Amino acid sequence: MADGASGDAFVAFERVQKSYDGETLVVKDLNLSMPKGEFLTMLGPSGSGKTTCLMMLAGFETATHGEIMLDGVSINNIPPHKRGIGMVFQNYALFPHMTVAENLSFPLEVRKIGKADREKKVKHALDMVQMGAFGGRRPAQLSGGQQQRIALARALVFEPELVLMDEPLGALDKQLREHMQFEITNLAHQLGITVVYVTHDQTEALTMSDRVAVFNDGRIQQLAPPDELYEKPQNSFVAQFIGENNTLEGVVQEIKGDTCVVKLDSGEVLDATPVNVSEVGERTRVSIRPERVEFNKERLKEGVHTLKAEVVEFIYMGDIFRTRLRVAGNDDFVIKTRNAPDQVRLEPGSQIEIGWLPEDCRALDAG
Amino acid sequence: MSTLKGSGPQTSDAPTPEDAFHEAAALDAREGEPPHGSGNDGPVLAADGTPLKRSLARALRAQKMRALALIAPLLIFVLLTFIAPIADMLFRSVENQIVRDTLPRTVEALADWDDTSGELPDNAVFDAAYTDIFLAAEYKIHTRLGSRLNYELTGVSSLFRKSGRGLDDIGEVYLDQLEDLDENWDEALPWAELMGTADSVAAYKAWVEAEDKARENDEDFNDPIPAFEMRDGIADVLPRTAEMYSRFAEFVRVEDEDSPFEEEPWTIVLTRLYEDLRDGDVSSYDGPRAEMLKAADELVDSPDFQTADLKSTFEEIDEDWMDLAVWRTIKTYSPAYTSGYFLNAVDMQKTPDGPALRDEDERIYGLLFKRTMFMSLVITFSCIALAYPVAYLLSTLPMRTANLLMILVLLPFWTSLLVRTSAWKVMLQQQGVINDVLVWLGLVDDAARLVMINNQLGTIIAMTHILLPFMILPMYSVMSTIPPTYVRAAKSLGATNWTAFWRVYFPQSVPGIGAGSILVFILSIGYYITPEIVGGTTGTFISNRIAYHISSSLNWGLAAALGTILLAVVLILYWAYDRIVGIDNVKLGG
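Protein chains in written order, with the working numbering: chain E, 1 to 367; chain Y, 1001 to 1590.
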């Protein structure tokens, strides 16, 4: 699970709990530490506690229990305005009665920075987000994307070492969002700032972050770099939540070192990598990524178990083909194949055999 | 990508107005090409060839008519109950036709009189006044004019009332002498024979005979009295008499619903007869009643005949008629429209030398206007100070609690205004709850109880309480639309609680303050009931004075002028507010 607090951590949560009503915990025993310069994303469904964590870090919510450390110092009792943390809000929260330049100048003014310095920094921050010409505008006169840039610039203008972002791209259209993802990560790495980013969009999390913390039910389910998160999910929630995933349910029949044999409820048998199953007879949910399923017999390794499948639907998606199969009584088994010149297009109704490498098939908890 | 904005390749945002401008400029600048395409010649046409604007208007007409029909009942209601009374009030504040309508001849005759000469008007004016006031008294409208002019000069009311009665004296001098000569001069029928056509007189006599016969036979007789008609030639012989008699005949027919055949004429007709006989010659007259008329002519021409002097009769009725001020007042207020009410409303009056300020001890309205404005401002600021924290609290509380507290705020709305004001009277008076508590606590000596009512303090306290919801509601509705993220953002940027409030929250709540202030100020500037009850003499508003003139002194013109000034002040303040704060900044709700 999550890393424990380590000595050189820049931001650390230590056994943090949070309850609003005194009856249920929104955040249960959170432990998290991140080094300086990391881009960490908190990912999870709504109500999973990720935004609450962010608000506790920013100082707008107090932890019911536990310590939050910033640069080695507990900040539990430091009010938000003294924490020096930059923040980008979901709806930008640009002050509507001020111009763009005044918005950016605000954090500098409250820090009593001289006028000349202020103007220089504002200009620099605006140039940084390519909005140099918009200083005189009001936020209402800007498009969503432009407001987003200004909100980013405002959070960065006073040069904080830690910047929090609460679903900053939620209101943008797909194309713009992808573009901004790229820009934000670039900026973060250029400036060497530490970023805690909250989103419920897994693509965003995977493409932007150094590490992703997957939240569910008030706990971090897995904290790992994107590739590890995708390819080696630690439990069935993470497997389901990140990317597309095929699941089959069954019982562990045999464990041999780093492989195991699972007997599905339909009676068929397959090979898998045991992740969080430990004994024979335990119920498990195996998970296979659609692009790792192979139906070309020649490419399958000798001796692996194969399953019978019936093609239900073939969907042409341009770069890939998406084929829906009926496997072991499951109608929603999907495979994805690259649209290559020699790729086979499966006909609905045809019977095929499918298989995979045992390391791509992970036997997880039954959920 | 576009380099127009100089914003680098990352800008894939929606086009800005600037883009459009640049594109348009670029289009126009296309080398040497005339700046219009084929579509720019003449109006744009719809598919069927009619101009697009006209087709659009036609398409929208049904929609507009429907909208109009929906608002029509309210529109009519507002027109009748709001716009029309205001228009009437504006008109009344300058309208002054009563003098001209009641004393038409006098007004005309006075035009030649120089009111700065220091001399009384000449006989022609007195003669005109005799006629006008006599007629007005017959129509019973002279007292109305008397009260109107009494606003300008005290005593005119009783002067006119007396004169209405006394002016009969003049005609009676002549009536008495002519009656002694021939009793027929005080009879209805002989006069009618002298003045009327032979046909109408014959018709009347036939009617009388028929009535007598019916009475003898005990039959019902309901035929109307035949109409009286003036004879054509009589005006040549007795011009003034004929004119006045025809007025009399008209009056008897319309007002009394009687007939000149059966009513003896007004005494003023005798005066006119005397004048005609004195100035004219009736020797050639050979119509009906010629002998009676000729005998009267002889009497009038005889040296023994007594005449009545107009001026001295007026003086006998009331010495005030010899006062120049009376005649000046009539002359000053003779135009159909007057600025007199407005001058009065700003403590000025008309004098022969033009408008001038009234004497110090007669000035009242300037003070009242100033007091009204000042107290309304104080009330508005008290309301802001009390309402802001409440509205802030309401907007930050969870919905359920906020709704509960909102009921408490609205509770006073469900109580009668009169009850609330009277409650303040109970609270604030010297033997009231607050004083009792203070005395009991020993903070105030029993002999020196605080005076908190029947003065400005009482009005301010009671009205602040009564108008408070009007401040809280707009403030609340504006504040509840300010997302809490703004303040959070400000704090995350390093602002202290106070800075976040003052620099970020407060400016966004200003529209609510503005809306509430306008509402409270305009309401309080015209408030009437509360100042009337708790204001005493020093805490009353201009509206109390307006009410006094509407219901007690009945000087509606002055009340209208005061009301018009009040309306103008409100509109000017509204305009000033728009210039300073901007009316689009005023929000009553989200």
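Read the hints as simulated data drawn from the structure, not as lab findings. Take the hints with a grain of salt, since some may be wrong.
Quick list of simulated restraints, FRET-style, between CB atoms [said to hold, decoys possible]: (1) E:Gly170 <-> Y:Trp1502: 29 to 35 Å; (2) Y:Pro1085 <-> E:Lys115: 42 to 48 Å; (3) E:Lys115 <-> Y:Ala1448: 32 to 38 Å; (4) Y:Leu1408 <-> E:Leu191: 48 to 54 Å.
Being a predicted model, the structure only gives us computed values, none of them experimental. A virtual CB, placed ideally from N, CA and C, is assigned to each residue, including glycine.
Each hint, compared with the structure:
1. E:Gly170 <-> Y:Trp1502: 29 to 35 Å: Cβ of Gly170 (chain E) to Cβ of Trp1502 (chain Y): about 30 Å, so the range 29 to 35 Å holds.
2. Y:Pro1085 <-> E:Lys115: 42 to 48 Å: The hint (42 to 48 Å, Cβ to Cβ) is violated, given that Pro1085 (chain Y) and Lys115 (chain E) are roughly 58 Å apart.
3. E:Lys115 <-> Y:Ala1448: 32 to 38 Å: violated, 57 Å
4. Y:Leu1408 <-> E:Leu191: 48 to 54 Å: At 52 Å between Cβs, range holds.
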